[in-house]
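Chemist: Just so we're aligned, residue 63 is where the sequence shown starts under my numbering, counting upward by one.
Please keep in mind that the hints were generated in silico from the structure rather than gathered at the bench. Among these hints, one or two may not hold up.
[Unchecked claim] Subject to a maximum C-alpha distance of 30 Å in a straight line, what follows is the list of computed DSS-like cross-link-like pairs (lysine-lysine): (1) Lys182 - Lys192; (2) Lys192 - Lys120; (3) Lys120 - Lys182.
[Unchecked claim] Per label pair, the in silico range of CB-to-CB distance: (4) Asp113 - Pro90: 29 to 35 Å; (5) Tyr94 - Thr151: 26 to 32 Å; (6) Ala108 - Gly154: 42 to 48 Å; (7) Ser95 - Pro178: 25 to 31 Å; (8) Ile122 - Ser145: 20 to 26 Å; (9) His146 - Thr110: 30 to 36 Å; (10) Lys156 - Met116: 31 to 37 Å; (11) Gly189 - Ser93: 22 to 28 Å; (12) Pro191 - Ala136: 31 to 37 Å.
Virtual Cβ for every residue (Gly too), placed ideally from N, Cα, C.
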Amino acid sequence: MWQGPTSGSGPLEVVHAQLSAHQLPDVPRFSYSNPAFIYLGRTIEALTNDDYEMYVTKNILSSLGMRDAFFDRAPYHLTRHRSHSYYLTDAGLKEARFDFDTGITVSNGGLNAPLPDMAKYLAFLAGDPKKQQVHC
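With the hints as extra help, turn the sequences into a complete structure.
Modeler: Have a look at this one:
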């Protein structure tokens, strides 16, 4: 978890100052930003004193029954189910690094989940009426 200063000129304060000085357009529009998700993850850590992964697991994944979802490296019992990635070089296909720690970028793509767990998340996003009492 990030242990930077909570006041002064630490990384969060610098980014906050830069964002505060930026004038946002009047018309809302969607835009994805990996750095913004890193900043969001660090903000969650600073406000909750939990690692981002632990906070999401406790407050979202567990609540939804997503028991096989995980961040970064696969738990030993799920490693055999983890897919491998490959990339093409002049010499042919090469296997990419497997099962690695995403470090600071965990909040912008470190979550892994099998399809049954993702179905639970999608049902939550869609407003599954059978689950509303559990989540509200």
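Chemist: Taking the CB of Ser95 and the CB of Pro178, does the distance hold inside 25 to 31 Å?
Modeler: holds, 30 Å
Chemist: Quick check: does the Cβ-Cβ distance between Pro191 and Ala136 fall within 31 to 37 Å?
Modeler: Taking Cβ atoms as reference, Pro191 and Ala136 lie about 33 Å apart, which means the hint holds.
Chemist: Is the gap between the beta carbons of Gly189 and Ser93 within 22 to 28 Å?
Modeler: holds, 25 Å
Chemist: Does the structure keep Lys120 and Lys182 at a Cα separation of 30 Å or less?
Modeler: Answer holds: Lys120 to Lys182 is near 16 Å, not above 30 Å.
Chemist: Hey, Lys192 versus Lys120, does the alpha-carbon distance stay inside 30 Å?
Modeler: holds, 21 Å
Chemist: Taking the Cβ atom of Tyr94 and the Cβ atom of Thr151, is their distance within the range 26 to 32 Å?
Modeler: holds, 29 Å
Chemist: Go ahead and decide if the range 31 to 37 Å is satisfied by the Cβ distance of Lys156 to Met116.
Modeler: holds, 34 Å
Chemist: Is the distance from the Cβ of Ala108 to the Cβ of Gly154 consistent with 42 to 48 Å?
Modeler: The hinted range 42 to 48 Å holds for Ala108 and Gly154, with Cβ atoms some 45 Å apart.
Chemist: Does the hinted range 29 to 35 Å hold for Asp113 and Pro90 at CB?
Modeler: The hinted range 29 to 35 Å holds for Asp113 and Pro90, with Cβ atoms some 31 Å apart.
Chemist: Measuring from beta carbon to beta carbon, are His146 and Thr110 in 30 to 36 Å?
Modeler: Hint holds: Cβ distance 34 Å, inside 30 to 36 Å.
Chemist: Looking only at beta-carbon atoms, does the pair Ile122, Ser145 fall within the given range of 20 to 26 Å?
Modeler: holds, 23 Å
Chemist: Next pair to validate is Lys182 with Lys192; report whether the Cα-Cα distance is within 30 Å.
Modeler: The given pair, whose Cα atoms are some 12 Å apart, holds under the 30 Å limit.
The structure shown violates none of the earlier numbered hints.
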